[in-house]
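All chains should be modelled from the sequences, with the hints used to inform the complete structure.
Per the UniProt record's numbering, the sequence shown starts with residue 1, numbered consecutively.
No lab work stands behind these hints, which were simulated from the structure alone.
Nothing here was measured: the structure is a model prediction, and the numbers come from that model.
Do not rely on the hints blindly, as some may be mistaken.
[Unchecked claim] Below, a list of computed lysine to any residue pairs in the SDA-like style, where the Cα atoms sit at most 20 angstroms apart:
1. K92 <-> D262
2. K188 <-> F230
3. K92 <-> N122
4. K119 <-> D251
5. K57 <-> G176
6. K188 <-> G161
7. K11 <-> D149
8. K92 <-> K256
9. K62 <-> Y137
10. K62 <-> R48
11. K165 <-> E125
12. K256 <-> Q266
13. K57 <-> L186
14. K92 <-> E259
15. K62 <-> E42
16. K9 <-> A183
17. K227 <-> L189
18. K66 <-> L44
19. K57 <-> T8
20. K212 <-> L186
21. K83 <-> L270
22. K66 <-> I43
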Amino acid sequence: MDHVSQDTKTKIYQTFNRNDEMVQDDVNIIKTWMQTQPHLPEILDDARIKNFLNLNKFSIEKTKQKIDMYYTIRTLIPEIFQKGNLNLENIKKVFDDWYMFYFPVLVNDVRRVYYVRPKRFNVVEPVSVSAVFFAMYEVRLREDFIVDDIFIFDMDNYSVGDVQKLTPTVFSNFYGIYQKVYALRLHKLIYLNCPSYMTIIVTILKTVLKAKLFARAEFYSDDLGIKKLFSKEVLPKEYGGDGPSLDELNDVMHKKLAEYQDRFDQLDGLRVDENLRPEKLNNDEILGYYGNFKKINFD
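And the structure:
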């Protein structure tokens with residue numbers, strides 16, 4: 001898999017007035033802070049902390065908030081974060097029913113492209129698909145240098161019933177987690193092979209996403225659009241690219257997640273101890289957010 005080069009990292013650091021030494025100082029500040037937070041269940045490694053720093057534009061305070069939420073949300077949203085273990089049948093079924101992976105080649109040396117496409121009709125289960133996405137993000141926190149994300153959703157095998165499962169609540173809460181924990185680094189959102197009833201999703205996205213984010217969404221009635229947007233080296237074989245096939249890419253992703261089985265097992269048991277939290281969470285922010293989640297009926 002392609003990785004962001006050290007030269008590119010250095011350039012990114014410079015945009016935030018940082019160099020390698022200063023970034024390491026920031027990492028040490030975060031580690032020291034984590035050691036003073038008895039409610040947190042572990043101390044993150046350098047690679048993950050660097051990603052959180054970069055996702056939050058090297059704001060120490062925002063990084064602290066995101067790391068805290070990274071653990072807290074596992075208790076608040078068990079519907080997703082206790083259903084992401086590869087050993088669970090619902091996750092095995094995702095890889096049987098879906099093509100879902102991030103492409104090994106970067107776009108413009110920094111952007112990671114996700115492909116999401118059901119293999120057949122009537123397999124949409126939003127909670128399981130969301131769980132797999134956040135499992136993939138867990139791998140990227142350790143191995144990747146996260147800058148921007150591009151999502152490609154192929155609607156070819158979506159029935160009307162499938163689309164109706166993608167309710168406003170499902171979208172708002174998926175993007176809610178993405179923002180609360182991972183800072184919503186969304187560069188582009190692409191929908192291919194859109195059916196006539198895609199208007200349902202377009203209307204929801206207009207409601208859920210801020211205007212500047214919705215402006216990054218593109219909708220195509222076929223799959224020709226991405227051939228104009230991306231070079232062949234970042235396209236799977238089925239889309240006219242020079243990359244591996246969807247089956248091959250899916251298999252690589254599944255095997256990569258399997259390498260992290262110990263981490264997923266560990267995450268199943270990692271919870272914050274609210275009794276030990278030095279400063280209580282802002283109820284308006286967290287409980288309001290949690291309250292919205294508890295209204296979801298994913299399945």
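Checklist line | Hint numbers contradicted by this structure | finding: 6
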